[in-house]
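> Sequence:
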Amino acid sequence: MKTGLEDAYLVKGGKKLRLGYTTGSCAAAAAQAAAVCLLTGRRPECAELMTPKGIRLCLPVRFFGQMQEEVTFGVQKDGGDDPDATNGLWILATVSRIPEPEVVIDGGAGVGRVTKPGLDQPPGAAAINRVPRAMIREQAESVMRREGYSGGIRVVISVPEGEETAKHTFNPRLGIVGGISILGTSGIVMPMSEEALIATIRVEMEVRRASGKRFLLMVPGNYGEDFLSRYPQVDTEQAVKCSNYVGAVLEMAVEMGFEGILFVAHIGKFIKVSGGIMNTHSHQADCRAELLAAQAMRGGADPGTVRRILETETTEEAVEILKEDGCLDDTMREVMKRIVFYMQHHTEGKIRTEAVIFSSRYGVLGESEGAGEMIEKFRREE
Numbered sequence: 001m002k003t004g005l006e007d008a009y010l011v012k013g014g015k016k017l018r019l020g021y022t023t024g025s026c027a028a029a030a031a032q033a034a035a036v037c038l039l040t041g042r043r044p045e046c047a048e049l050m051t052p053k054g055i056r057l058c059l060p061v062r063f064f065g066q067m068q069e070e071v072t073f074g075v076q077k078d079g080g081d082d083p084d085a086t087n088g089l090w091i092l093a094t095v096s097r098i099p100e101p102e103v104v105i106d107g108g109a110g111v112g113r114v115t116k117p118g119l120d121q122p123p124g125a126a127a128i129n130r131v132p133r134a135m136i137r138e139q140a141e142s143v144m145r146r147e148g149y150s151g152g153i154r155v156v157i158s159v160p161e162g163e164e165t166a167k168h169t170f171n172p173r174l175g176i177v178g179g180i181s182i183l184g185t186s187g188i189v190m191p192m193s194e195e196a197l198i199a200t201i202r203v204e205m206e207v208r209r210a211s212g213k214r215f216l217l218m219v220p221g222n223y224g225e226d227f228l229s230r231y232p233q234v235d236t237e238q239a240v241k242c243s244n245y246v247g248a249v250l251e252m253a254v255e256m257g258f259e260g261i262l263f264v265a266h267i268g269k270f271i272k273v274s275g276g277i278m279n280t281h282s283h284q285a286d287c288r289a290e291l292l293a294a295q296a297m298r299g300g301a302d303p304g305t306v307r308r309i310l311e312t313e314t315t316e317e318a319v320e321i322l323k324e325d326g327c328l329d330d331t332m333r334e335v336m337k338r339i340v341f342y343m344q345h346h347t348e349g350k351i352r353t354e355a356v357i358f359s360s361r362y363g364v365l366g367e368s369e370g371a372g373e374m375i376e377k378f379r380r381e382e
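All letters in the sequence shown, in the order written, are residues 1 to 382 by my numbering.
Derived by calculation from the structure, the hints in this document are not laboratory data.
Treat the hints with care, since some could be wrong.
As the list claims (entries may be wrong) - For lysine-lysine, the following BS3-like pairs were computed, each having C-alpha atoms within a straight-line distance of at most 27 angstroms:
no., residue 1, residue 2
1, K241, K337
2, K15, K213
3, K350, K241
4, K16, K2
5, K12, K241
6, K337, K116
7, K350, K377
Unchecked claim - Computed Cβ-Cβ distance ranges for the label pairs, DEER-style:
no., residue 1, residue 2, range
8, G370, S282, 28 to 34 angstroms
9, G349, E48, 51 to 57 angstroms
10, E348, S150, 24 to 30 angstroms
11, G370, C58, 52 to 58 angstroms
12, A8, S360, 28 to 34 angstroms
13, K337, E237, 40 to 46 angstroms
The structure presented is a predicted model; accordingly, all values stated were derived computationally and were not measured.
Think of the CB as a built atom: it goes at the ideal place given N, C-alpha and C, for glycine as much as any other residue.
Build the full structure now, drawing on both the sequences and the hints.
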């Protein structure tokens with residue numbers, strides 16, 4: 001059976017990556033099929049729907065059973081070539097009649113419940129986001145109109161393996177308990193989409209802001225999070241991973257009204273920021289040795305040291321050279337000064353920006369002038 005995505009690909013790094021469909025599309029298709037069965041007695045084999053992306057899907061559906069006035073159908077999630085934890089899960093929709101002429105949507109087993117403000121849905125609601133809810137409602141109402149049904153329908157979305165799968169998602173950090181979220185703004189999964197990654201970071205930031213946090217703690221990845229464990233006064237659970245998207249995070253922090261942001265990052269990532277580079281992915285810019293050499297020269301390193309740095313493969317190796325030649329501290333003063341300068345330039349001075357830069361071997365290499373004070377602010381907020 002053709003789904004409508006057979007010829008839909010995204011080309012990245014010379015590779016064709018297959019598109020998929022979201023948990024929201026799965027839930028909407030399952031709801032459509034269950035509503036058809038409930039109102040007509042017919043068991044469809046597929047559900048057709050138009051996604052917000054403008055791509056028409058025809059998704060295979062499976063009948064999961066009927067109990068009295070309740071029918072359940074499911075659609076298996078196919079995320080294409082996106083490495084998502086929800087890939088392969090069955091998204092089920094159980095529909096039943098209600099007297100009121102409306103569509104009521106809720107979550108069942110394996111769909112998370114929101115416990116914190118700042119997310120797409122309010123505390124207490126099922127973690128079925130706004131666009132998937134609209135898609136589910138649209139499919140149910142379409143079937144009701146077509147069949148001339150004047151009553152209402154209750155739709156309960158469930159995911160049999162959702163609770164276990166949620167442990168491998170951001171949901172526990174976001175305060176979503178008991179299962180996965182039903183997501184998707186376009187209905188289509190774009191493999192390893194930069195927009196999707198930034199949207200995930202935004203959600204974490206919004207949760208922090210909604211809980212009253214004024215200052216934001218950022219780490220590019222696991223190295224930064226592990227390093228933070230050396231600061232017992234800081235709750236590492238409050239750190240948000242920003243990946244390579246320093247500029248996007250700064251812009252979102254200003255937009256959300258945070259007062260300050262502190263990055264705790266490895267020298268290999270943030271040396272790039274000292275050159276004004278706000279996306280630190282190696283495909284965007286890989287000039288670590290050049291920038292470290294430039295800052296070393298500004299810090300007074302001799303030409304021989306600068307040449308040796310330019311020949312290094314890793315920043316850890318370059319840091320060792322700087323330490324051996326006695327110019328590490330002066331170099332890091334230049335690095336920190338320029339990191340703060342470019343972050344302030346990017347935000348037009350609308351937010352305090354601080355940084356702590358470390359090496360895996362030597363620990364803290366540099367702190368911006370206000371980093372210690374901001375760490376104390378984190379402690380007080382906790």
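> Work down the list of hints and note, for each, if the structure agrees.
Hints versus structure:
{"no.": "1", "hint": "K241 x K337", "in the structure": "23 angstroms, holds"}
{"no.": "2", "hint": "K15 x K213", "in the structure": "41 angstroms, violated"}
{"no.": "3", "hint": "K350 x K241", "in the structure": "22 angstroms, holds"}
{"no.": "4", "hint": "K16 x K2", "in the structure": "19 angstroms, holds"}
{"no.": "5", "hint": "K12 x K241", "in the structure": "23 angstroms, holds"}
{"no.": "6", "hint": "K337 x K116", "in the structure": "37 angstroms, violated"}
{"no.": "7", "hint": "K350 x K377", "in the structure": "18 angstroms, holds"}
{"no.": "8", "hint": "G370 x S282: 28 to 34 angstroms", "in the structure": "30 angstroms, holds"}
{"no.": "9", "hint": "G349 x E48: 51 to 57 angstroms", "in the structure": "52 angstroms, holds"}
{"no.": "10", "hint": "E348 x S150: 24 to 30 angstroms", "in the structure": "57 angstroms, violated"}
{"no.": "11", "hint": "G370 x C58: 52 to 58 angstroms", "in the structure": "57 angstroms, holds"}
{"no.": "12", "hint": "A8 x S360: 28 to 34 angstroms", "in the structure": "41 angstroms, violated"}
{"no.": "13", "hint": "K337 x E237: 40 to 46 angstroms", "in the structure": "31 angstroms, violated"}
Checked against the numbered hints above, the structure violates hints 2, 6, 10, 12 and 13; every other hint is satisfied.
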